[in-house]
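J.: One-letter residues, chain by chain:
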Amino acid sequence: MTASSKSGSKTDAGRFFEHFRIGETIRHATPRTVTTGDVALYTALYGPRVAVQSSDAFAQAVGYPRSPVDDLLVFHVVFGKTVPDISLNAVANLGYAEARFLKPVYPGDTLSTVSEVIGLKENSNRKTGVVYVRSTGSNQHGEPVLQYVRWVMVRKADEAAAPTGEGVPTLAKVVDPASLGAAVPVLDRARWADDLAGGPYRFGDYAAGEKIDHVDGMTVEEAEHQIATRLYQNTAKVHFDGHAAQETRFGKRLIYGGVVISLARALSFNGLANAFHVAAINGGRHVAPLFAGDTVYAWSEVLDVAEIPGRADVGALRLRTIATKNKPCADHPDKVGAEADPAVILDFDYWALMVR
Amino acid sequence: MTASSKSGSKTDAGRFFEHFRIGETIRHATPRTVTTGDVALYTALYGPRVAVQSSDAFAQAVGYPRSPVDDLLVFHVVFGKTVPDISLNAVANLGYAEARFLKPVYPGDTLSTVSEVIGLKENSNRKTGVVYVRSTGSNQHGEPVLQYVRWVMVRKADEAAAPTGEGVPTLAKVVDPASLGAAVPVLDRARWADDLAGGPYRFGDYAAGEKIDHVDGMTVEEAEHQIATRLYQNTAKVHFDGHAAQETRFGKRLIYGGVVISLARALSFNGLANAFHVAAINGGRHVAPLFAGDTVYAWSEVLDVAEIPGRADVGALRLRTIATKNKPCADHPDKVGAEADPAVILDFDYWALMVR
Amino acid sequence: MTASSKSGSKTDAGRFFEHFRIGETIRHATPRTVTTGDVALYTALYGPRVAVQSSDAFAQAVGYPRSPVDDLLVFHVVFGKTVPDISLNAVANLGYAEARFLKPVYPGDTLSTVSEVIGLKENSNRKTGVVYVRSTGSNQHGEPVLQYVRWVMVRKADEAAAPTGEGVPTLAKVVDPASLGAAVPVLDRARWADDLAGGPYRFGDYAAGEKIDHVDGMTVEEAEHQIATRLYQNTAKVHFDGHAAQETRFGKRLIYGGVVISLARALSFNGLANAFHVAAINGGRHVAPLFAGDTVYAWSEVLDVAEIPGRADVGALRLRTIATKNKPCADHPDKVGAEADPAVILDFDYWALMVR
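Residue numbers (full-length UniProt numbering), protein chains in the order written: chain A, 1 to 356; chain B, 1 to 356; chain C, 1 to 356.
Be aware that a few hints might be false.
If several chains are the same, the list does not tell them apart, and a pair holds so long as it fits within one copy or across any two.
[Stated by the list, open to error] Below 30 Å or equal to it, Euclidean Cα-Cα: the simulated DSS-like pairs (lysine-lysine) are:
hint: 1; residue 1: K327; residue 2: K252
hint: 2; residue 1: K335; residue 2: K103
hint: 3; residue 1: K237; residue 2: K121
hint: 4; residue 1: K127; residue 2: K327
hint: 5; residue 1: K237; residue 2: K335
hint: 6; residue 1: K237; residue 2: K211
hint: 7; residue 1: K327; residue 2: K237
The hints are simulated quantities; they were obtained by calculation from the structure and are not laboratory data.
Turn these sequences into a full structure, and let the hints guide you.
T.: Laid out in C-alpha cells, this is it:
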C-alpha cells in the first residue's frame, strides 16, 4: 500500500518505480501458515517425488523430525507476498540471485516476508526502471528460512518523476557452497535407502559437464497454473484475467514463471532422484513465456560439484536446468550462441544437495 | 431421501415441491470434517488474502486460538449438505436472507446441517413452487455455527398434486447489527498490524455511500468450479454433467453461484483488506449465470456503517458487492433502473466486521 | 531403476519385459505420507459422500478412531508407486485380481509398496509380454494395508531377448467373502444414522440380480485428471504429455483408469449410500479409454450378497459397477454379448461392505 494511493481511492494500485527508495524496508501483507493441505496441492500440481519431502517415515529415518515442505513451495509463498508491493506494475521479472534456503519449513509454520530495496536504476526511456530487492522469508519465530535478491522492471506512474536515488548492487554470480546446508540436519546416510529414494546415483556419481535429459513432458492447463498461483497468494493479474489479456500482445494469460521452475524441478527427479534439497539459487531467467496447452520438458547440466566443509553426509551439485516448451530435450536445446533454440523458456542455475 | 423414492428404485430422485411440509425438519446427509486440506484448496481456488484466516500467527496475536476457516467455506459446506434434499429438482435458487455466522469453525471441526421448512408457495402455473427453508449448520458439539434462510423454486413431480400447505415467512431485510460478532473473540487491536493485514483503512475510514472498485479480474475454468463445488459435496447436476447440459437452454454447465460469491469476496480484499469476517448475509441474488471462460470482476458500495453494542474492537460495514462478468467495474455497473447492465451476475448484501 | 539403465544414462527408462524375473521382489520408490490434504483433494476431485470417510464425528460414533482414508485413494497411492518399475513401458494394463484392503489407513500414515513378480508370459509376436505382479502396500509400521495382483502388457527392449522364465499364476475369480472386513472395526449399528449416512437401505435390502442406475454424470477435464494422477505420484506419461500424445493413435492424453474407478464409485453413492467400504476387488477391466471432455455415468448390479463369519454388524455385497462415457445408464448398457455397447469404459467387480 503506497502512501499516494491512500489519498485517492481505497483500492491499492501498487507501487510505481518512483515510489521506491534505496534502503527502504517493506513488510509485506498476508502472513501464511503452510499446511499439509498446501503440500498435497503442491504434489498434485507438479508431481514431485523426492522421498524426504514425500514421506515422514523416510525423513525421520535419515534425520529430520518429519518431512519438510518442498523448498520451491517455500520460495513461491515467500515470493508471492512481495508481488502486491513490488511487482504489481512490473513489466518483467528480470532475474534472481543469492537465494539461500536457511532453515527447513514444516507444516504448521507461518511464513512472512520483508523486502529491502537495495538498488534502483531508471531506464533511458524514462518510462520504467529496475528495482532490486532483497527479500527475506521468516517463520513464526522470526527465524529467516529463505533470502534472495530479485530485480524487476517497474513502470513509472509519472514519466516526469525523478528516481528517488540510483545504484545497482553487486551480486554474487554463484552462492558460495561453503554456506550451503543450513536447512539440512546431519543425515544418517546408512538409513538412506536408494530404492525408496528412487535412484542409485549419489553425489560421487556426478561430474561437472554431465548432461541429463529428464525425458518426461508435462502439459499445463489454465486451471492448473491458476490454482497454483493463487495457492501462493500471488496476485499478478497477468496470470488470472483472461478478459483483459485479450488486449495484450500475447492475447492470453501468462503462466507464472514459478510454475515452470517447479515443473522442471519435478521432472528432474528422473536422473537426479537423490538431489533432495534446493539449497541455493544462483540465478534464473524466464527466457520466454509459457501458455496453457504447452508441454514442458527439461534437461540439466552439472556445472560444478562441491564438498561442503564439515559435511560428510551431503555434497552440492551446481545444476543448470533448462526447460523448454513443446520440444523434448534429448539433444539438450540451449539458449546461447548462434543455435539459440526458441523452445527454451527457463534457464535456472541452482545448488542442489545430494546425499553422499 | 424421500419416502416415495424408497418404494421405487434405490436411487434417490430428490424431493419435489409437493413432498415438503411446513414445519418439517430434515437432517441432511454427509457430515463433513473440515481440515487444513479444505483451507488450502479454498485458498487455491479463490485467492483469499485476509490475514486472520491465512496465518495462525496473526490470528493468535489478535485473539483467536488459531486461524478460523473462511466464513464462505463454512457457508458452502453447510449449504452443500442441503442440496440433495432441498434443491436437486430446483429450477432456480431465488434468494438468501437472515444468514448469521454464530461461532468460528476451526480445522478439525465437523459440520452437519439441519433444515426446517418455513414456507411453501405454489406458482400459478402449478408446475413449480417456492420452498423456504431455514438451515442451521452445527459443529460436532451441536453448537450452531451458521444459520440462514434460502428460498428456491422446485419442480412438482405431479402437476395435479396439491401443496401440503401454504405460507410465506416474513424475513428481515437486514440482519440487526446488534446481533453480529458472535463468531469473533474480543480482538487485541494493538496487535492488529495493518501492514501484515494488507491495508491501512479501518472501520472509521469508511462511510455510507462510498463505492470501491476492486479492480482485479479472475477467469474461471471448468475444472476450477467443478473442483470447488465437489469440495462442498454439492451435488447439483447442472454444475457437473456437460453431456446432459448440451440439451439445456444454455448448452453448457452452469457454475455454482457460491463460486461467484467467493470470487467477489476474494477480489474485494483490494479496498477492504481489514474487513476480516463475513458476519451476516442480508440478501443475495444470482442475477445472471456464469460460465467457464468468463472473467469475474467486482465492486462494492458501503450501504451502512454500524457500531456493535459492547464492542470497541470491531464495527460492522454493510456492503453491497456487485459482481460482473467480462466487464471491469471502474464505473460501478449496476443492475437496477433503466441502466441495468447485463454484465451483472451477483448482487450480494452482507455485513462484514472490520477492525476499529 | 534397472541395472541396464544404470550403465547408460542416469535417466531411468523403466524396465522392459525381459528385465523381469519370476520370484523377484521390487521395493518401489517414493514412500508417501497420506494427509488430510490428500483427503480434501480426493473429495474435490470426485465428490465422494460416504459418511464414514467424510466425518470424524460419524466415524467415531460407529467405532473408528477417526475417519479412515477412502479405500480407493489408498489403492491409487499404492498403485502409483509401482508405475515407474512395472508399467512405464506398458502397452496396456490388462487386469486386477485378489485385491484385499487389510487395515484402515488414517491421515498421517506413510504408505510404501513392494511387488513380487508372480508370472511372465511372452506374446507370440515376441515384441511384448505379460507381467503379473502381486503388490503389497504397507504402512509405516510395516503392516500390510492392501494387497492385489495386476497384470500388464510390457514392451520388450530387444525382440531377440529370451524371457527370463515363464509361468502364469492361478488367480481366484472372487475373493472369499469370509476373508473380508479386516480393515473395519466392529461397528456400533445403533449409532449408524441412516439420515446422516444418506440412505435408508441396509444390507438386508439388497438382493442378487438387482440393478441400480446411479443417475448422475460427471464430466472430466484435463486439469482434473492430471491433478488426480500426480497426487498419486503415478508417472505414466500417457496421462501428462499432450505434445507427445499428438503422435499416438488417439492424438491426445489418456485418462488414468483409476480416475474412472473413483468417479464410478463416487457416483454409486446414489443407490448404495451405506456401502461404506471397498473391501476387495475381484477384477476390473478398462474396456475403453476415457478422454477429457467426456462425461462418466455408472450403474451397478448386485452379483451376490454374503454374510461374513463372526460379523453381525456388516455384510458384503458383490457389486459389478459398469461405467460409460457420454451415455446415461438408465437401461444398464453392458459390454457383453451381441449388444455390447461401445459407451462402456469400465467393468469393475468388487466386494463392498454394508452396514446391517
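J.: Now look at each hint and say whether the structure bears it out.
T.: We went through each hint and held it up to the structure:
Taking the shortest alpha-carbon separations for K327 and K252, both the intra-copy value of 21 Å and the inter-copy value of 16 Å come in at or below 30 Å. Proximity of K335 to K103 under the C-alpha cut-off of 30 Å is found in neither arrangement, the shortest distances being 33 Å within a copy and 52 Å between copies. Taking CA atoms no more than 30 Å apart as the test, K237 paired with K121 passes inside one copy only; the shortest distance there is 24 Å, against 46 Å between copies. For a Cα distance limit of 30 Å, the shortest separation of K127 from K327 across copies, 28 Å, qualifies, whereas the shortest one inside one copy, 36 Å, does not.
Within a single copy, K237 and K335 get their C-alpha atoms as close as 28 Å, and across copies as close as 26 Å, so both meet the 30 Å cut-off. Taking identical chains as interchangeable, the C-alpha atoms of K237 and K211 lie at most 30 Å apart only when they sit on different chains, with a minimum of 22 Å there against 37 Å within one chain. Proximity of K327 to K237 under the C-alpha cut-off of 30 Å is found in both arrangements, the shortest distances being 28 Å within a copy and 15 Å between copies.
The structure is inconsistent with hint 2 alone, although it conforms to all the rest.
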